[in-house]
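Per my numbering, the sequence shown starts with residue 1, numbered consecutively.
For the record, the hints were derived by calculation from the structure and aren't laboratory data. What you are looking at is a predicted structure, and each value in this text was computed from that prediction instead of being measured. Backbone N, C-alpha and C define an ideal beta-carbon position, used for all residues, glycine too. A portion of the hints provided could be inaccurate.
Claimed, not checked - Pairs of lysine-lysine, DSBU-like flavour, derived with a Cα cap of 30 angstroms:
1) K219 to K154
2) K214 to K230
3) K214 to K274
4) K278 to K251
5) K219 to K274
6) K251 to K283
7) K251 to K274
8) K146 to K82
9) K230 to K219
10) K230 to K283
11) K219 to K251
12) K82 to K251
13) K45 to K146
14) K274 to K230
15) K230 to K278
16) K82 to K219
17) K214 to K154
18) K82 to K230
19) K219 to K278
20) K82 to K154
21) K251 to K230
22) K45 to K82
23) K283 to K219
24) K278 to K214
What the hints assert, rightly or not - Here are the computed distance ranges between Cβ atoms for each label pair:
25) V241 to N88: 34 to 44 angstroms
26) E39 to T191: 48 to 58 angstroms
27) S153 to N72: 22 to 32 angstroms
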Amino acid sequence: MWFTSNGGVSWQARQNGLIATDVQCLFFMNNNTGWCGTETQHISKTTNAGVNWVNVGNFGESIWSIYFINENTGWAGLNAGKIAYTINSGNNWTIQDPEPYNFLISDLFFYNGSSGYAGIGFPFIYKTVNQGSNWGYQFDSSGSYKFSFIDSSKGWSGDTPGGNHISRTTNGGGPISYVGMISNYQNIPVTYSLSQNYPNPFNSQTVIRFAINKTSYVKLRIYDILGREKTIWQSDKLLGVGTHELSFDAKELSSGVYFYQLIVSDGSGDVRFKETRKMILIK
Numbered sequence: 001m002w003f004t005s006n007g008g009v010s011w012q013a014r015q016n017g018l019i020a021t022d023v024q025c026l027f028f029m030n031n032n033t034g035w036c037g038t039e040t041q042h043i044s045k046t047t048n049a050g051v052n053w054v055n056v057g058n059f060g061e062s063i064w065s066i067y068f069i070n071e072n073t074g075w076a077g078l079n080a081g082k083i084a085y086t087i088n089s090g091n092n093w094t095i096q097d098p099e100p101y102n103f104l105i106s107d108l109f110f111y112n113g114s115s116g117y118a119g120i121g122f123p124f125i126y127k128t129v130n131q132g133s134n135w136g137y138q139f140d141s142s143g144s145y146k147f148s149f150i151d152s153s154k155g156w157s158g159d160t161p162g163g164n165h166i167s168r169t170t171n172g173g174g175p176i177s178y179v180g181m182i183s184n185y186q187n188i189p190v191t192y193s194l195s196q197n198y199p200n201p202f203n204s205q206t207v208i209r210f211a212i213n214k215t216s217y218v219k220l221r222i223y224d225i226l227g228r229e230k231t232i233w234q235s236d237k238l239l240g241v242g243t244h245e246l247s248f249d250a251k252e253l254s255s256g257v258y259f260y261q262l263i264v265s266d267g268s269g270d271v272r273f274k275e276t277r278k279m280i281l282i283k
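Sequences are here, hints too, so could you generate the full structure?
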């Protein structure tokens, strides 16, 4: 690691405590506190501008990107499409696994405590609105290898090394798509609605269709006849205006009557729409 305090006129090596080689990424919160990631699967932290480093993470994947929103909460982009998440400055990490692609996470950026992007060097860019609990994806023609945003709407994305494209967004990248869901953003629904699943009755697999006429946070829950939740989405997901179809696989459930409930909100707790329908599983 190299450090300068005079605009790059001279540099000092600062590697005390680094236990790995091939540093690939850096992120500093301020003049003193920062993290570095290595190809040899380690994350190290400094609190004195790199004079000393302490190892705070060992992974089975190379580290390609790091981003912190404060001195405790941050993310690290790994190989194989995985993202490590910490809420205690890197002392402990949990793995988030965006889908559907397993390319390395080449860049990370969060524009507030919940919403951010992950680049994969492919014509898609991952996006989350809940700190990475769920990651969806958007189409990005440049390849999303590196990017920079100035606010929640405006940003630029650059191609992989050797590429020659830059893309720009002025609407936060547009609607978010999710694995297992087919979204149609071409036709604007008149109102919110939840359709009867089809087929119904069904054997293992069925499709649940709903429509929203305003970009909203959506919860979809499934319950058995006793009211016990059989959750298929773990938390709110932000969906754009349009119709959406979710494929539900009930192979782990037994035959019987089930209920599915759609809750649409504005993200602050105000419910815009709520409806429940019945479906029958026959095996």
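We went through each hint and held it up to the structure:
About 27 angstroms separates the Cα atoms of K219 and K154, which keeps this hinted pair within 30 angstroms; it holds. Straight-line distance between C-alpha atoms of K214 and K230 comes to about 27 angstroms, which keeps the hinted pair within the 30 angstroms bound. Simply put, K214 and K274 have alpha-carbon atoms about 14 angstroms apart, close enough for the 30 angstroms limit, and the pair holds. This hinted pair checks out: K278 and K251 have alpha carbons roughly 18 angstroms apart, not beyond 30 angstroms.
A distance of roughly 10 angstroms separates the Cα atoms of K219 and K274; the hinted pair therefore holds under the 30 angstroms criterion. Taking the CA atoms of K251 and K283, the gap is near 9 angstroms; set against the 30 angstroms cutoff, the hint holds. As the CA atoms of K251 and K274 are separated by approximately 26 angstroms, the hinted pair is consistent with the 30 angstroms bound. With a CA separation close to 17 angstroms, the supplied pair K146 and K82 stays within the 30 angstroms bound.
Distance check on the hinted pair: K230 and K219 sit about 13 angstroms apart at the alpha-carbon level, within 30 angstroms; holds. A distance of roughly 18 angstroms separates the Cα atoms of K230 and K283; the hinted pair therefore holds under the 30 angstroms criterion. As the CA atoms of K219 and K251 are separated by approximately 21 angstroms, the hinted pair is consistent with the 30 angstroms bound. Of the supplied pair hints, the one linking K82 and K251 holds, its CA atoms being roughly 27 angstroms apart against a limit of 30 angstroms.
A distance of roughly 23 angstroms separates the Cα atoms of K45 and K146; the hinted pair therefore holds under the 30 angstroms criterion. For a cut-off of 30 angstroms, the pair hint linking K274 to K230 stands: about 18 angstroms separates their Cα positions. Restraint check for K230 and K278: the C-alpha separation of about 14 angstroms stays at or below 30 angstroms, so the hint holds. Our distance criterion of 30 angstroms between C-alpha atoms is met by K82 and K219, whose separation comes to about 24 angstroms.
With a C-alpha separation of about 21 angstroms, the suggested pairing of K214 with K154 holds against the 30 angstroms cut-off. Only pairs whose Cα atoms come within 30 angstroms are accepted, and K82 paired with K230 is accepted, the gap being roughly 26 angstroms. Under the criterion of a C-alpha separation no larger than 30 angstroms, the hint pairing K219 with K278 is consistent with the structure, at around 17 angstroms. Between the alpha carbons of K82 and K154 the distance comes to roughly 26 angstroms, so the proposed pair stays at or under 30 angstroms and holds.
Between K251 and K230 the alpha-carbon distance is near 12 angstroms, which keeps this suggested pair within the 30 angstroms criterion. Taking the CA atoms of K45 and K82, the gap is near 20 angstroms; set against the 30 angstroms cutoff, the hint holds. For the hint pairing K283 with K219, the CA-to-CA distance comes to about 27 angstroms; that is within 30 angstroms, so the pair holds. Distance hint between K278 and K214 is fulfilled; the C-alpha atoms sit about 25 angstroms from each other, no more than 30 angstroms.
The given range of 34 to 44 angstroms is respected by V241 and N88, whose C-beta atoms sit roughly 38 angstroms from each other. Here the CB-CB span from E39 to T191 is close to 52 angstroms, well matched to the stated 48 to 58 angstroms. Our hint of 22 to 32 angstroms for S153 and N72 holds, since their Cβ atoms are close to 27 angstroms apart.
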